[in-house]
Amino acid sequence: MSATPSLGTDAPRGVRPSKPPPPPFALWGGIGFVLLTIGFSWDWTYGIGFSIPDLISNFTLDPARNPIVAGVIDPVWETMTRPAVIEGFIETFQLAAIATILGGIVGLPLALLNSLTGAPNKTVYILVKNFNSFIRAIPDLIYAVFFVAAIGRGALPGVLALFFLSVAVIAKLTADIVDGIDQGPIESARASGASHVQMVKTAVIPQILPGYTSFALYTFEINLRGSAVLGFVGAGGIGTIFSNYYQRGWYDRLVVVVIGFFIVVFIVDRISIAVRKRLL
Amino acid sequence: MITFENASVTYPGGVQALKDVSVQLNDGEFVVIVGLSGAGKSTLIRAVNGLVPLTSGTCYVDTNEVRPKDKKAIRDLRAEVGMIFQTHNLVKRTTVLNNVLMGRLHRTATWRTLLGTYTKDDVELAMQALERVEIVEKAYVRASNLSGGQQQRVGIARALAQEPKVVLADEPTASLDPPTSHIVMRDLKNICRELNITMLVNLHFLDLARMYGDRIVGLRGGELVYDGPAADADEKVFEDIYGRSLTAQDMLEASDAA
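Chains as they are written, first to last, in the working numbering: chain A, 7 to 286; chain B, 7 to 264.
For the record, the hints were derived by calculation from the structure and aren't laboratory data.
Computed footprint of chain A on chain B, listed as stretches where at least three residues anywhere in the stretch have a Cβ under 8 Å from a Cβ of chain A:
#1 98-108
#2 116-125
Restraint-style ranges between C-beta atoms, simulated for each label pair:
#3 A:Gly-45 with B:Ser-62: 54 to 62 Å
#4 A:Leu-215 with B:Gly-249: 44 to 52 Å
#5 B:Thr-16 with A:Thr-219: 38 to 46 Å
#6 A:Leu-108 with B:Leu-201: 46 to 54 Å
#7 A:Gly-20 with B:Tyr-17: 23 to 31 Å
#8 B:Thr-116 with A:Asp-185: 22 to 30 Å
#9 B:Tyr-17 with A:Gly-45: 44 to 52 Å
#10 B:Glu-143 with A:Gln-189: 28 to 36 Å
Quick reminder that beta carbons are idealized off the backbone N, C-alpha and C, glycines included.
Pulled out of the complex, with its shape left as it was, chain B reads as follows (with noise of 0.2 Å):
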C-alpha cells in the first residue's frame, strides 16, 4: 500500500510540481497517472522512492515512511520498489543480463560488486525475469544491441529481479512504437497480476491508461483532479483532467493513423 498525505513538491527553481496531494493507493494494483506534461506524473511517481523527496508532507510505503535523507532507510525502501524509465536507462556497453543483475544490488556485498561478480541465485533470478519478459535468448547480448521495445523489456526485467512490492514506470511506453507499446502495457499487467506487485505507471495516452488500468489518478498543475476506476473514466473525465477538449494526439492508436 502506498500512501500519500498532503504531499507537495517545490523545486529549488520555485516550480510547484505537487500541490497538497493526498491518496492511497492498494496491494496489487494496476494505478495509471494521467496529466499533461508537467502536471506532477514524474514527480509523483520518484516521490515513491525518494528519488525526489517531498518538500511537506508525507509518503509511505506499507508502514515505512519514504525517508530520502536517511541513506540506509531509502536504499532498503529502494529495494522493495522497482522503476522502469521512459529511456529504459540501460548501461549500453553491457550485456543485459549485467543490466538485469543490477536489480540484486542491494543484497549483493559490496566486494562482490567491485569484482564483478554474483551469486549463483542472483544469476538464476536474473534469468527468470529475462524469460518472464521472453527475451532470455538476449541474455548475453550487448544492450546496446537490442530494439527499443527490447531495451524496455529488460528494463522491466531489473525491475522484476528485485522482488519487488511495487513497481514504478515512467512514460513506458512514450519512446516505443504502438505495437511495442501494447506488448509493453500487457507484460506490466501480467506481473501486476500474477505476482500481485502495486504498479504506478505514468501515461499520457487515454486509451492504454483505460485499457490497462484498474485505476485512474489524474494530475493537473501538481494537484489530484480525478481518482476513480479507469471503468468509468470517459471523454468527459480526461478533458477535464486535461483541461481541455480532446485531439487525436491524446490517443495511441489515432495518434499512429493521424
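Bound conformation, chain A alone (with noise of 0.2 Å):
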C-alpha cells in the first residue's frame, strides 16, 4: 500500500494555487502545427507530385544509363589543376573575403542599432529593425540575378550579393546578443556622464565582441557555400565552373571540383569551428 508522500508538516502553511491552463498561444499553436501536417501530407489533386514509387523507378546506378554516375566512377583528376579551376576557387575565396571584411563592417552598427540597448531612441530602432528585415527578406540568389542583371556578369555581382547576406546574417545574429549582454555596465557608464555613442562603445561593444568576431567567421563559411550556387546565375566565383561543366555533362571532371570545393569548406569549416570555440 503506497502511503501519500509527506515532508513531515505538521499544518497547511498558504493556499495552494490551481494549476494554471497552459498559455493559449502553446496551444493553439500546437493544434495548428497538427492540422498543418495533415494537411500537408494529405493526397491532394494539386501539389508536387512526390510520389516513393516513382522516385524507386527511376533510379539507376548503371552508368551506361545514368551519365552523373559514369562521370563519378572516372573521374578526371587533373582537373584539379587546370588554370580555370584555380582561378576559380581563389575568386571564391576573394568573394567570400571582401564580402565578408565589408559586411562586418556595415553589419556592426546595424545590429547596434537593432536594440534598444544601441539605439539613441525608439523611431532609429523601429526603422533599423525593419530595415534589417527587409534586407534579411530576400535571399542571396535574388540579390545575385538583381546585380548580375543590372551590371552584368562576373565577381561583382557576387560581390554585392554575398555583402547583403552577410550584412543581414551578421546584424541579425549580432543584435541578438546586445539585447542580452549585462545591463549594470550600461548604467555604470550612464551614471558616469557618458554620451551615448561613448557608451556603446565601452560598455556594449566589449560584451558582443566575442559573438560578433563568431558571427563573421561563421559568416565567411556561409559566403564560400554560397558562392558556389551564384555561379549559375552568372556572379563569378568556383560556382562558374559548376555550371559551365555541368551544361556540357563533364561529369566527369565536374565531380573532381565538387570533392575540391567539399575538401576546401570542410578544412575552413573546422578552422573557424576552432577559433570560434575558443573566442566564445
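Using the hints, put the two chains back together into the complex; each one sits in its own frame.
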C-alpha cells in the first residue's frame, strides 16, 4: 500500500493555487501545427506530385543509363590543376572574404541600432529593425540575379550579393546578443556622464565582441558555400565552373571540382569552428 | 549639498517608491540610508543622478536641479556624481584600468573614445584612483579575474576617477563577505574624510550603518521616517524604521555567525 508522500509538515501553510491553464499561444500553436502537418501530407489533387514508387523506379546506378554515375566512377583528376579551376577557387575566396569584411563593417552598427540598448531612441530602433528585416527577407540568389541584371556578369555582382547576405546574417545574430548583455556596465557608463556613443563603445561593444567575431567567421563559411551557387546565375566564383561543366555534361570533371570544393569548405569549417570555440 | 524637495517617484507599474521626501544633505557628510528591501533606498540614490526621474518634486545637487530630460545638463551633473553599485557593474572582459577610465568619459572627446585612447592625464588620474583603493598592481588584469571585493574596489576607483563632489553607493557591501565589507566601508569613509566628498550609501546592516555613518536617513514604504546623527540611532530607532523588531540578520557580524 503506497502511503501519501509527506514532508512531515504538521499544519498547512498558505493556500495552494490551482494549476494555471496552458498559455493560449502554446495551445493554439500546437493545434495549428498538427492541422498543418495533416494538411500538407494529404493526397491532394494539386501539389508537387511526389511519390516514393516513382522515385525508386527512376533510380538507377547503371553508368550506361546514368551519365552522372559514369562521370563519378571515372573522374578526370587533372581538372584540379587547370588554371580556370584554380582561378575559380581563388575568386571564391576573394568573393567570400571581401563580402564578409564589408558586411561585418556595415553589419555591426546595424546590429547595435537594431536593439533598444544600442539605438539612441525608439524611432531609429524601429527604422533599422525594419530595414534589417527587409534585407534579410531577400535570398542571396535573388540578390545575385538582380545585380547580374543590373551590372552584368562577373565577380562584382557576386560580391554585392554576398555582401547583402553577410549584412543580413551578422546584423541579425549580433543584434540578438546585444539584447542579452549585462545591463550593469551600461548603467555605470550612463551614471558617469558618458554620451550614448561613448556608452556603446565602452560598455556594449566589449561585451558583444566575441560573439560578433564568431558570427563574422561563420558568415565567411556561409559566403564560401553561397559562392558555389551564385556562379549558376553568372555571379562569379567557383560556381561558374560548376555551371559550365554541368551544362556541357562534363560530369567526370565536375565531380573533381565538387570534391575539391568539399575539401576546401570542410577545412575552412574546421578552422573556423576551432577559432570560434576559443572566442566564446 | 544635496536637496530633496517633496520628491516623489511612481514607477510605470504604479508602485510608489518615494513619497514626498524632503531632506538636505551637507557637503562632506557620510550619509547612510537604511530601510527594508523596497523601502525606496535605491530610488532615492538614483534620483540624485537622474537614473530614476522624479515624478514630482525636485532634487538639487548644489544649485543645479536634476533634470534627466535635458541630456546635456544631466551629463554635466553626472560627471560630478560618482556611483558605486551592488553588483560592481564592471565590464568584465576588459582590463581594470579601462574600467576605471570609464570614469573619465565625460571629459573625453568622442573620437578618442571611438579609437579607445585616453589622455596621459586621464591615465594618471585612473592610476592614482587605483592606488587609493590599493589595487593598482591589477591595472592590466581583466576585471573578470578579480574577486568580488577587488571588483568593488575597482568600482570605487572608477567613481573616484570622475573627481566627483558626491559619491552614491547602492548597497556596496551586499555581495561581499564581512571582512571585505569592512575594507570597502573603510575605503569609502576615508575618501569622504580626506577628499571631502559627500557620500550617500545604502545599507541594510545596522552595525555597518552605525559604525561608518555620520548621519542616518531611514525610509519605510517610500517615506522618510528618520533623519538624525548615526550616534543617536539606537535599536529603538531601527525598529521604528523597519516597522518590526530586529533579528540577527539585521547585523553583519551576527548574521555571519548565525
